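Fit chain B to the known structure of chain A by using the hints.
One line per chain: the protein sequences are A and B, in this order.
The numbering of the first sequence is my numbering, which starts it at 1 and goes up by one.
The numbering of the second sequence is my numbering, which starts it at 256 and goes up by one.
These are computed hints drawn from the structure, not numbers from a lab.
One or more hints might be untrue.
[What the hints assert, rightly or not] Below, in silico cross-link-like pairs of lysine-lysine (DSS-like), each with a Cα-Cα straight-line distance of 25 Å or less:
hint : chain 1 : residue 1 : chain 2 : residue 2
1    : B       : Lys-333   : A       : Lys-24
2    : A       : Lys-53    : B       : Lys-268
3    : B       : Lys-297   : A       : Lys-25
[As the list claims (entries may be wrong)] Simulated coverage check for chain A against chain B, where a stretch passes if three residues somewhere in it have a Cβ under 8 Å from a Cβ of chain B:
hint : region
4    : 83-91
5    : 152-164
On a predicted model such as this, the values are computed, not experimentally measured, just so you know.
Even glycine gets a Cβ: it sits at the ideal position worked out from N, Cα and C.
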Amino acid sequence: MLKPTEGYISILGEDISLNPSIIKKEAGYAPQYPLYFPSLTVEETIGFALRLKGVKGEIYKKRLSEIIDFLNLGGVRKYYGYQLSPSLIKLMLIGIAIAQSNSLLILDEPTSMVDIVSKSNLWGRLSQFRNDKAILIASHDMNEVKKLSDRVYVLVDGKIIAEGNPTEISLLLKLPCEIKFSTSKADLARAILESENLVYESDGAVFNVSLETLDMGIDLVKKINDVASINYIQFEAPSFETAVKRLMEVKNGKN
Amino acid sequence: MEKIRLGVEMEFKGLRIYLFQIFVVLFLLPFSYLFIMLLSGKGKLTTSQIAFLLTGYTVVTLISAFTNMLSLRVVNAKEPQMLELYSTFSITFPQIILSQSLTYVILTLPIVLLTFLYISLSLK
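Same shape as in the complex, but just chain A (with noise of 0.2 Å):
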């Protein structure tokens, strides 16, 4: 474990440089790579996971099948880890961290080389954990951080330059959004757009518009289809991963 350089970390209100026991204790941890020992089965990794926290007979036999249940590894329990593919290795991973946490979950790339079904469905899963344990992911990826997290740091340099809920996250830049859609009344459109004096293409009936913001542009959608129903829309709006973007561009123009 690296020291810090400032501040400290606390696990249920224990310093962890003076209790390092704790971390132990209370934490489980999914490396990022997919780790394994490759002489030892699924069911013995995970059960050896659980064997080290004293989990013994029935209930240790109990407390097995249901993570291997939960993380859908029923399947390649009897499996050595020279024979799982990467995808599998990190369900497994996040199998001993299960196994190995009472309160708190470490979670660095967790659907990293995770096939997207498996993603969804661990996505999901993990999301039960929400009033059980308190759950740390490192990730690069949006998506997930933004299905998982109620609280979101952004890092740069190892630096937190923004942090709120995924939301707040979206919001702190204004954020252009790209709008195309088509219509039967393609005059009526036209005329709304230059009534707006917008900035738009057109190719017969499909037009192409950018607005400054998304309330502008829910606004001009609403008041197109109002006149001239649309038929056809298609519509980008500000994403989280464009905000998280913005905002490492915005501070690195600053650096």
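Relative to chain A, chain B alone:
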């Protein structure tokens, strides 16, 4: 103590894919030494000479099996990715090293004990 016992169990299970290496360092290398020494004696060895050779055999076993394999495992355990993997378990690094040492003591002890038993009985 329970953690050390589990660490030893983990190490033994971890050796499943290294069975050939175990065979080589525990049997093939020491026995080849013994075989060559016995050949050089041309069948005219005294009990004390055999005891001397078996002592050499024990030393070879300890060096090739115990020291060699243990040092490899300790170096392997100190690799960053292994340290990170072990950090996910409720076991400390000294406990891991102690477990690995005990594992190789258990592996080499039968050979050493049998050899010493033979030497002590044959020299009576």
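**OP:** Report the numbers of all earlier hints that the structure fails to satisfy, in ascending order.
**Re:** 3, 4 and 5
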